[in-house]
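Undergrad: Chain by chain, the residues run as shown.
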Amino acid sequence: MILINNKTKYDVIVIGAGPSGVSSAINCAKRGLKVLIVDSNHEAGGQIYRAPPKTYKSIPKNKLEENEIQKKMSIELKNYQIETAYNHTVWQVSPGFKVNAFNDFSTIQWETKSLIIATGTYEKIIPFEGWTIPGVIGLAACTVMLKSHHFIPSKKIILAGNGPLLILVAYYISKFGGKVDAIVDTCSKLDWIRSTLSLITNQKNFNDGIKWIFKIFLNRIPVHSNCKIEKAVEVDGGIKVKILNLKTGEYKNIFSETIAIGHGLTPSTDITRLLRAEHIYDEHKGGWIAKVDRFLRSSVNGVYLAGDGAGISGALAASDKGLLASTALLYDKKIISKKEFDTNTRKIKKKLDKYEVFAKAISKLNSIPKKLIENIHEDTIICRCEDITKKEILSAVDQGAKDINQIKSWTRLGMGPCQGRTCQYTASKIIAEYLNCEIENLGYLTGRSPIRPVPIDRVLGDFDYEKITKVEAAPL
Amino acid sequence: MDLRVSSYFDRSKKVNINVNNMKIEAYEGECLAVVLFVNKIKKLRLSPKKKQSRGMFCLMGSCQECAVLIDDKKVISCNVFIKDGMKIKVGDFDKQQNKI
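Protein sequences appear in the order of chains A and B.
3 is the number of the first residue of the first sequence in our numbering; add one for each residue after it.
324 is the number of the first residue of the second sequence in our numbering; add one for each residue after it.
I should point out that these hints are in silico values taken from the structure, not numbers from a laboratory.
Glycine included, each C-beta is placed from N, C-alpha and C at the ideal position.
Mixed in with the good hints, there may be bad ones.
[Said to hold, decoys possible] Label pairs and their in silico Cβ distance ranges:
#: 1; chain 1: A; residue 1: E380; chain 2: B; residue 2: K336; range: 31 to 41 Å
#: 2; chain 1: B; residue 1: K372; chain 2: A; residue 2: T198; range: 26 to 36 Å
#: 3; chain 1: B; residue 1: K336; chain 2: A; residue 2: N81; range: 49 to 59 Å
#: 4; chain 1: A; residue 1: E380; chain 2: B; residue 2: K363; range: 26 to 36 Å
#: 5; chain 1: B; residue 1: K336; chain 2: A; residue 2: L192; range: 15 to 25 Å
#: 6; chain 1: A; residue 1: K362; chain 2: B; residue 2: K372; range: 53 to 63 Å
#: 7; chain 1: B; residue 1: K363; chain 2: A; residue 2: R348; range: 53 to 63 Å
#: 8; chain 1: B; residue 1: F404; chain 2: A; residue 2: P371; range: 35 to 45 Å
#: 9; chain 1: A; residue 1: E474; chain 2: B; residue 2: K336; range: 29 to 39 Å
#: 10; chain 1: B; residue 1: F404; chain 2: A; residue 2: K242; range: 40 to 50 Å
#: 11; chain 1: A; residue 1: G98; chain 2: B; residue 2: K336; range: 43 to 53 Å
#: 12; chain 1: B; residue 1: K346; chain 2: A; residue 2: A476; range: 48 to 58 Å
#: 13; chain 1: A; residue 1: K56; chain 2: B; residue 2: K410; range: 18 to 28 Å
#: 14; chain 1: A; residue 1: V302; chain 2: B; residue 2: K363; range: 42 to 52 Å
Here chain B stands alone, though its shape is the one from the complex:
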């Protein structure tokens, strides 16, 4: 079941994004946090002390829970619009992040 509602808007062109080396199809300009969520990629990062999985929560830039790595930079995914070929890392990314 596609969870997209298409009665009010036509989406733009289909693109691919790369999430932890996995190919995910989406439409250009869709919200990254939402696309990950409906694709059941819900575990976006680990909490600092207990290392519990966390995911999208408020979807309005308040809680900061939906942080992911895009091109190795930490951003909150609720404020990111999908572009073709975007490289995203989710999960235990503090280890993966290039520390300066």
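Here chain A stands alone, though its shape is the one from the complex:
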């Protein structure tokens, strides 16, 4: 059944039901706006507080904090009678605004006057030889497996990359009774110690971090600091991993079943790129981000950015960023006065400034050492969807391709099902290093729909042949 003609109009559509999406939707609904919140998951929560499957029944005496926060978010949306479109994946947004999404059965289109984009982030993973082997997964994938699906990813696992997810995943695996073979961190222990002064500004997250590190000590998990994974090879019953010490140049081999790797997060810009909003490059905020003003308005009238989509600052800041974006929207729609706008935004900004100190320290721990890019072997696949290697990218550059879109049309990089989400960051870094230029000069991949693969039968719809507008064929 196709519902494409069944258009429903809203004042505001919020895309993404994570912490920022939920807080902005509630803020708008409180003021009487007709709000719809869309998410591809079956409940609110986003990735950070992702809901367990519906069939899981909670055991009252044991509670996981993240699951409790998630429950509250879904309940709050219900209390404010906000319309939800869970299980709906957005695949196209066009000016005006028309939002197209699909679920398991059909395609649907909604219309809205304003858009709040709260699509969060996805994980940045710098390739190494063998990163495409099944059994190499993202650190963020591990967090979803542990906290939402309640599975230990693997009997034996190596955690690699950098930043807070390394210690978070190690903590949860240990807490749930699993075993971590090793942590391979590109940062040094000194880098972590140096960051404490900034990290302590966010007491809640800092305390969590200390708890996680304590567990790693207690479980005697070997930590290889200043190290990166150089190569992974499939062997009988697992993966042989060669790690390189970035300082000493020494190699070491470790054996495991699974590798989980991640180098921080990068904002999802799929929809703002589709809408031709302006974007800027900010390494500390995760890469290319939509350009926003102080109140999170994008360069496109009526489009607001909430949460990490406008630069990474973490889950606690996300809900405040949702408040800020929606307050700007309410003011622009003349629903609240200038005075109310000023008072409210001043309060929110004050809180957000505090989180920025924390966010900067995290971004430092997640920074990508130059060697991580330089060391990528020329035969390593960069674009996983289309099997494009570093060598193929550089040979296109040699032949004259000077921006990322030209690389795309010459090599097919970023043309596959993921639309460049997995490879754009690394490809740009590789080219910038090769040409000795800034990433800004290479541009970003032009947004193209569908931003997620959509089954063609669901887009086609039901129609009578007579109703099709026939166009004269071009003369030969």
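For chain A, the structure is supplied; the task is to place chain B on it using the hints.
TA: Showing chain B alone in chain A's frame:
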């Protein structure tokens, strides 16, 4: 070793799914990509040019690497909740897929 963590949630009823004609036990509503992964069914599909095995990677609907065939339709398995009797094909399924 069962990799399921059962201290916070009770699973629903036990069901069987069929993966390349092999019977796999799981609980109703569990995430398909995760169940395949912990059952060591990691090679889900082949890459288009080099025909290398690929498997679950991001687990949040971004990378599209965990695509499998369910009832001959291509879907990403990270967004699929297990139902009793589900028929799944993994591996070199482009050959197996019924092309229109």
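Undergrad: Would you mind marking each hint as holding or not holding in the structure?
TA: Here's how the hints hold up against the structure:
{"no.": "1", "hint": "A:E380 - B:K336: 31 to 41 Å", "verdict": "51 Å, violated"}
{"no.": "2", "hint": "B:K372 - A:T198: 26 to 36 Å", "verdict": "47 Å, violated"}
{"no.": "3", "hint": "B:K336 - A:N81: 49 to 59 Å", "verdict": "32 Å, violated"}
{"no.": "4", "hint": "A:E380 - B:K363: 26 to 36 Å", "verdict": "32 Å, holds"}
{"no.": "5", "hint": "B:K336 - A:L192: 15 to 25 Å", "verdict": "52 Å, violated"}
{"no.": "6", "hint": "A:K362 - B:K372: 53 to 63 Å", "verdict": "41 Å, violated"}
{"no.": "7", "hint": "B:K363 - A:R348: 53 to 63 Å", "verdict": "55 Å, holds"}
{"no.": "8", "hint": "B:F404 - A:P371: 35 to 45 Å", "verdict": "40 Å, holds"}
{"no.": "9", "hint": "A:E474 - B:K336: 29 to 39 Å", "verdict": "60 Å, violated"}
{"no.": "10", "hint": "B:F404 - A:K242: 40 to 50 Å", "verdict": "35 Å, violated"}
{"no.": "11", "hint": "A:G98 - B:K336: 43 to 53 Å", "verdict": "46 Å, holds"}
{"no.": "12", "hint": "B:K346 - A:A476: 48 to 58 Å", "verdict": "56 Å, holds"}
{"no.": "13", "hint": "A:K56 - B:K410: 18 to 28 Å", "verdict": "22 Å, holds"}
{"no.": "14", "hint": "A:V302 - B:K363: 42 to 52 Å", "verdict": "47 Å, holds"}
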